[in-house]
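Once you've looked at the hints, dock chain B against the given chain A.
Number of protein chains: 2
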Amino acid sequence: MSYQSSVAQDSLAAAQLEMAGNPSLALRRPFDPVAHDLEASFRLTRFADLKGRSCKVPQDVLSKLVESLQQDYSQQDDQFMHVAIPRIGIGLDCSVTPLRHGGLCLVQTTDFFYPLVDDPYMMGKIACANVLSDLYAMGVTECDNMLMLLGVSTKMTEKERDVVIPLIMRGFKDSALEAGTSVTGGQTVINPWCTIGGVATTICQPNEYIVPDNAVMGDVLVLTKPLGTQVAVNAHQWLDQPERWNRIKLVVSEEDVRKAYHRAMDSMSRLNRIAARLMHKYNAHGSTDVTGFGLLGHAQNLASHQKNEVSFVIHNLPVIAKMAAVAKACGNMFQLLQGHAPETSGGLLICLPREQAAAYCKDIEKQEGYQAWIIGIVEKGNRTARIIDKPRVIEVPAKD
Amino acid sequence: MSYQSSVAQDSLAAAQLEMAGNPSLALRRPFDPVAHDLEASFRLTRFADLKGRSCKVPQDVLSKLVESLQQDYSQQDDQFMHVAIPRIGIGLDCSVTPLRHGGLCLVQTTDFFYPLVDDPYMMGKIACANVLSDLYAMGVTECDNMLMLLGVSTKMTEKERDVVIPLIMRGFKDSALEAGTSVTGGQTVINPWCTIGGVATTICQPNEYIVPDNAVMGDVLVLTKPLGTQVAVNAHQWLDQPERWNRIKLVVSEEDVRKAYHRAMDSMSRLNRIAARLMHKYNAHGSTDVTGFGLLGHAQNLASHQKNEVSFVIHNLPVIAKMAAVAKACGNMFQLLQGHAPETSGGLLICLPREQAAAYCKDIEKQEGYQAWIIGIVEKGNRTARIIDKPRVIEVPAKD
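First to last, the sequence lines map onto chains A and B.
According to my numbering, the stretch in the first sequence is residues 281 to 680, in order.
According to my numbering, the stretch in the second sequence is residues 281 to 680, in order.
So here's chain A without its partners, still in its complex pose (with noise of 0.2 Å):
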């Protein structure tokens, strides 16, 4: 194993420079590349050239390897036949894997990509909320150990790297802490784009576990997290760029997109982790986390993973406020209504009971503060999700 780069420099006071001397994200102020010796033009974002989904290799071409794997895991089945848990996972979030120890299993996920936020801290907390997320979407919610995965651009000078590794690193690690796990190593290399992301693995008994495959007529469907994290990242980086910006600037103030983007800052750096834990007590029958295929593609793979014929229609789509003005303003580009806008970190689309739904939202905003919204109906269906022609639009908050 290799682990991170970085100077041994007071990484924690560094990360607290934006703090305000106060941990609160709200009371976050914006990174200042000043404050840290840097050039004020220095943008993190700027170290890669692809962002969000566009770092994918294109759901269809993963959905044939998916088939390719399957046929592995079938053989595979057959050296676990005495084991009573089958190996699941593939297409899912996380891999499960049945262990020699008595009953336990391996549950475990890795994912990493692109810088997408300007703050390293920041960046950090994302990328680890990130990970942690597709552990959480199986109903999953103590992770045993970390691992972190870093590349430090080749076009970063020393000093940069010296300054932004040490914030993203601080930034994974405190998440991590914050999710009661910790990370234990990583490998770090050079590459010519920056790139965060990690590895989250967990040792459980089957019924820490929910297999997402259990969706039945009447459900409902409920989202913990806005949409529209793309369209505000994007947005604030226009604010550097004229042309850009004079495509939008007419349906949102800069002010509207400085608050989304702190929006979605703090929406990507929070974790699933009590929605995950509300999964159980109100017996959610499934559920999949929102991100770089948009809300619509994860919800058609979550649908063509259930065991009853049914599908998913979407009527809601909670969106970021302004967001949506933006992104029709950009015509096709984002295709946020039409559910395919890639997110980072984004919430929990879960499949509840329809007697449980309300319940269910109003426990997870009485304890984090945060809405969650009934978002879509689950009905007898050959597995496929679709959003109405004139879905409705929820701006989130309402109004400040």
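A few of these clues could be false.
Put simply, identical chains are the same to the list, so a pair is met inside one copy or across any two.
Said to hold, decoys possible - DMTMM-like mimics (lysine to aspartate or glutamate), calculated; alpha carbons at most 25 Å apart, straight line:
#1 K439 with D329
#2 K435 with D329
#3 K561 with E458
#4 K608 with D520
#5 K561 with E635
Think of the hints as simulated: they come from the structure by calculation, not from any bench.
Same frame as chain A, but now just chain B:
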């Protein structure tokens, strides 16, 4: 979790193109791009500007971070007071984390790097063997799960991608199968450079791993694979580059280089699993695997972790035939005889009781058909390692 990208073509058949119907590596033909409908000039190694150690962040920078991580651990040790097993692994090959479940612990490692051979299938096997090697270095012989991490180069044509990526994946998965484990998922992104790596995870009883801190005066050091993989890989690339080739053609023939290259691929793709199993049989006092920081770098790291006041003295350097001469002809470029030449998926460097070492070497040769060598001794000292002034170079194999 995302999944490896690939077209669902029959990568197995493709992988067998060079097999001549015989899966034995010895009889494997060189990778032929044309046989896969690629340009004759296709070279996988051209999809990254860095190779071997150069993709690593310098060891001194890493060690600084290791300190800062170590602090986090001491804190966590408090949380684990009730657990008999201490958290270890920082600066070692794996992390070991106590679990919530009866006395079990999680042993985990990750590694990824850039293509260093031009045969995609072999590259996949080498990457897998390299990740697993960290487990084997801790004496762990069973791997419960693997994840694959792939970066598809933005410079690859779609055709190249569709040929190369499935071959890499097949090689990786074949090695995992050979190791008695399987790949249940991973992540694939698009990246300027092609990257290949993975995660290896084991859940085991404390008696299944060997904490590598128990060397005592009088022990001897055994190495299970020859050095010089990096030299062989570079020399082979120089066959295409007259100006580089001219620097070494006086000391080595083209056939020598091709033989060395295939020995290197054979060696790098070989699992250290039997070497790990025999560590238990012959009461090894500790071990590490020789990779990016070279023999001396890893020997020094292992020495620094010893409980007793010992140091390591290395007298013998087993080197792939003719590669010592090539290294000398290149002046200080490789620092092979100084112990600094990076290796990929190198052998285990093991501290064994003197009276057991010969039996260990005989046993591994009997089981694997590959030699291991006693290369040094453990004496009283300050936890450092050194190579004597005029080490004896052992040509491997002695003759053809």
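- Task: If the cutoff is 25 Å on CA atoms, where do K608 and D520 land: within, between, both or neither? Let me know, please.
- Result: within (21 Å within a copy, 54 Å between copies)
- Up to 25 Å between alpha-carbons, please classify K439 paired with D329: within, between, both or neither. both (21 Å within a copy, 22 Å between copies)
- Up to 25 Å CA-CA - E635 versus K561, copy category: within (13 Å within a copy, 60 Å between copies)
- Message: Checking an output row: K561 and E458, CA cutoff 25 Å. Within, between, both or neither?
- Response: within (21 Å within a copy, 43 Å between copies)
- Task: Could you place K435 and D329 in one of the four classes (within, between, both, neither) given a Cα distance threshold of 25 Å?
- Result: Result: close both inside a copy and across copies, 12 Å intra and 13 Å inter.
In the structure shown, no violation is registered for any of the earlier numbered hints.
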